[in-house]
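Enquirer: One letter stands for each residue in the lines below.
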Amino acid sequence: MSTVASPARPTSSGISGRTINRIVIYGLLALFAIFYLMPLFVMLVTSFKTMDEIQNGNMLALPQAPTFDPWWKAWGEACVGLTCAGIKGYFWNSIKMVVPAVLISTLLGALNGYVLTKWRFRGHTLVFAMMLFACFIPFQSVLLPMATILGSIGRFGVTLQNATGFNFGLGNSTVNLVFVHVVYGLGFTTLFFRNYYEAFPTELIKAAQVDGASFFQIFRRIMLPNSMPIFVVTVIYQFTNIWNDFLFASAYAGTGDVMPMTVALNNVVNTSTGVVEYNVNMAAAMIAALPTLLVYVVAGRYFVRGLMAGAVKG
Amino acid sequence: MSTVAETTAKLTPEHDARPGASVRSRLQDLLPKIVLAPSFAATIVFVYGFILWTIYLSFTNSKTFPSYAITGARAYQRLWRWTFESDPPSSWYTSITNMGIFGFLYIFICLALGLFLAILLDQKIRGEGMLRPIYLYPMALSFIVTGVAWKWFLDPGLGLEQTLHQWGWTSFHFDWIKNKDFVIYTVVIAGVWQASGFIMAMFLAGLRGIDGEIMKAAQIDGATTFQLYRRIVIPLLRPVFLSAFIVLAHLAIKSYDLVVALTSGGPGGSAWLPSNFMYEFTFKRNEMAVGSASAVIMLMTLTAIIVPYLYSELREKPR
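Protein chains in written order, with the UniProt record's numbering: chain C, 1 to 314; chain B, 1 to 319.
Keep in mind that the hints were calculated from the coordinates and are not lab data.
Hints may contain errors.
[To be verified] Chain B is faced by these chain C residues, among others (derived, beta-carbon under 8 Å):
| hint | residue |
| --- | --- |
| 1 | 25 |
| 2 | 36 |
| 3 | 43 |
| 4 | 59 |
| 5 | 60 |
| 6 | 129 |
| 7 | 133 |
| 8 | 137 |
| 9 | 145 |
| 10 | 190 |
| 11 | 244 |
| 12 | 269 |
| 13 | 281 |
| 14 | 296 |
| 15 | 303 |
[Said to hold, decoys possible] To give a feel for the contact side, a few chain B residues facing chain C, derived at Cβ under 10 Å:
| hint | residue |
| --- | --- |
| 16 | 45 |
| 17 | 116 |
| 18 | 121 |
| 19 | 135 |
| 20 | 139 |
| 21 | 151 |
| 22 | 291 |
| 23 | 305 |
| 24 | 307 |
[Said to hold, decoys possible] Chain B regions said to be covered by chain C (calculated; three or more residues, Cβ under 8 Å):
| hint | region |
| --- | --- |
| 25 | 23-36 |
| 26 | 47-58 |
| 27 | 157-165 |
| 28 | 198-206 |
| 29 | 250-262 |
| 30 | 276-290 |
Don't be surprised by glycine CBs; every beta carbon is placed ideally from N, CA and C.
Using the sequences provided together with the hints, build the complete structure.
Expert: Structural data, given as structure tokens:
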């Protein structure tokens, strides 16, 4: 073992060296903070400016006479393609899609995770691996078959409608998207719950079993009350992903008044009829970003945990 | 060794060995599998079945509508031919070249910037709690919002260029977003902006997990801060590098929305990635077989990266 005689770090370079060091570090951190905040800042100030001010003023300047008009216009009047009724309808489309999709996929994920950790059977690792791999596939590789199937289901829905007067939601774009997001979100929700339940003491479940508790009783009475953190993580993760999805949305609900928010926003921005109203575009972008931003502000810690859990297992 | 597996194996109720167990208890034993079955079946059908379906379609001559007569590997032959058609560039050539540029720069810059920021933030910074969320929030935004914001910011007539002109730097010129040779780099900028904060968080978590004793020992041995990081900390972060690489590679290959929102495909489709190629050929140009073939190639690329990773992750875990 080498003698630990070498002097501790040469702190003799003095306080000034250290101070400069600190200034550089803080300076760099501040610079990067500006880099990350800039687009949001520009988007926000632009959404409160009049078109006059945008054309003649500076992008970074604060609005001289802040106005909410662009926001109202984006919400209620902006043109998406040929309809000019604002983005409010599309916002609700997204809500109607996100809520059931998140709830169903999270609950199924919890049950799957429970089975895969506490009721193992031969081949459980293979089942999990197959579900896990599904998280990572580029969705382009399933896009077309799903479009074909959804098309057939839609035609079946029409037949059903004619026969019974009710189509049971078959062919409804929102229902389709809920279905798609549940199917392709299952991998992640299962992953989250599996890793969480893995650390859950199996002895407790054994004890409950000895006492005669059934599969669902154990799930409801023992697992669920102890799953709050992972529920929050999963719900936030799924909410963000599904709200922000564009590929499925544009492929299966890409036109008409069934579009979700992301598709509608892209259309608002790319609608080229008349004068481009940048302030309205920015307000629309802000409205589309608000739900996920809000979740991030309120529960950022859980959001990060979800991202991490999706990236690094365990 | 795998203690967990053993205890759980015993969990399966003993009475199922007993003959004459009631139907009810047999059902109870099957219940876990019944609960898991729909999810697993959905995965088999809608993931693996659909992938096979896509592969099948790529060997047909489907145009606007799927056709199910196998006609050979024509779609792949065409893609292969286009791979070398650089002058004028074919859409496929542009897409895969862009994928190379975007993938490399996006992954590399995100890793470098993420590590750099994490190291800076790990210097006992006051206000870390405030800075971290600022670096990370873009990850909560949709690619469409990111695209819209950066489209505005990078627009020569409205954004950065205009602003600097107003401030007196009139020779400043930045029109990458309208330039077919440079538009892909704007996608890199926006992509890095969105994901680098998350990579920072991954590295920071890794840094916080390093045993303080090791650091202390190295400092006592007289290592400078630079040496400390280069020789000790960064090698210890290797698992984080791997995870971050996987995340970024996966995001890069899947990138689609950002190109659409930021560039609308770029002048003449010059910002396309393979994902855009797939979408356009399948749904807009009525070349379904070619679109399917490109999707298969995307899938195989991703599989080559993900499967070894998942395999090692799932295997080395008898804890």
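Enquirer: Is the listed coverage of the region 276-290 of chain B by chain C valid when you require three or more residues with a beta carbon under 8 Å from a beta carbon of that chain?
Expert: The restraint on the region 276-290 of chain B holds, since 5 of its residues have a Cβ under 8 Å from chain C and three suffice.
Enquirer: With a C-beta cutoff of 8 Å, work out whether three or more residues of the region 23-36 of chain B approach chain C closely enough for the coverage to hold.
Expert: holds (count 6)
Enquirer: If you take the shortest Cβ to Cβ gap from residue 137 (chain C) to chain B, is it below 8 Å?
Expert: holds, 6 Å
Enquirer: Double-check residue 129 (chain C) for me: the hint is only fine if its C-beta lies closer than 8 Å to a C-beta in chain B.
Expert: holds, 6 Å
Enquirer: Min Cβ distance, residue 36 (chain C) to chain B: is it shorter than 8 Å?
Expert: Holds, about 5 Å.
Enquirer: Quick check on residue 45 (chain B) please, does its C-beta sit within 10 Å of some C-beta on chain C?
Expert: Given a least distance of 9 Å, the restraint on residue 45 (chain B) holds.
Enquirer: Checking hints one by one. Is residue 303 (chain C) an interface residue toward chain B, by the C-beta closer than 8 Å rule?
Expert: Residue 303 (chain C) check passes; min Cβ-Cβ to chain B is 6 Å, inside 8 Å.
Enquirer: At a threshold of 10 Å, is the proposed contact between residue 135 (chain B) and chain C supported by beta-carbon distances?
Expert: holds, 5 Å
Enquirer: With a cut-off of 10 Å, does the beta carbon of residue 291 (chain B) approach a beta carbon of chain C closely enough for the hint to hold?
Expert: Nearest chain C Cβ about 7 Å off; hint holds.
Enquirer: At a threshold of 10 Å, is the proposed contact between residue 121 (chain B) and chain C supported by beta-carbon distances?
Expert: Since chain C brings a Cβ to about 7 Å from residue 121 (chain B), closer than 10 Å, the hint holds.
Enquirer: Counting residues of the region 198-206 of chain B with a beta carbon closer than 8 Å to any beta carbon of chain C, are there 3 or more?
Expert: holds (count 4)
Enquirer: Let me know if the C-beta of residue 305 (chain B) comes in closer than 10 Å to any C-beta of chain C, holds or violated.
Expert: Hint holds; residue 305 (chain B) Cβ to chain C Cβ min 9 Å, cut 10 Å.
In the structure shown, no violation is registered for any of the earlier numbered hints.
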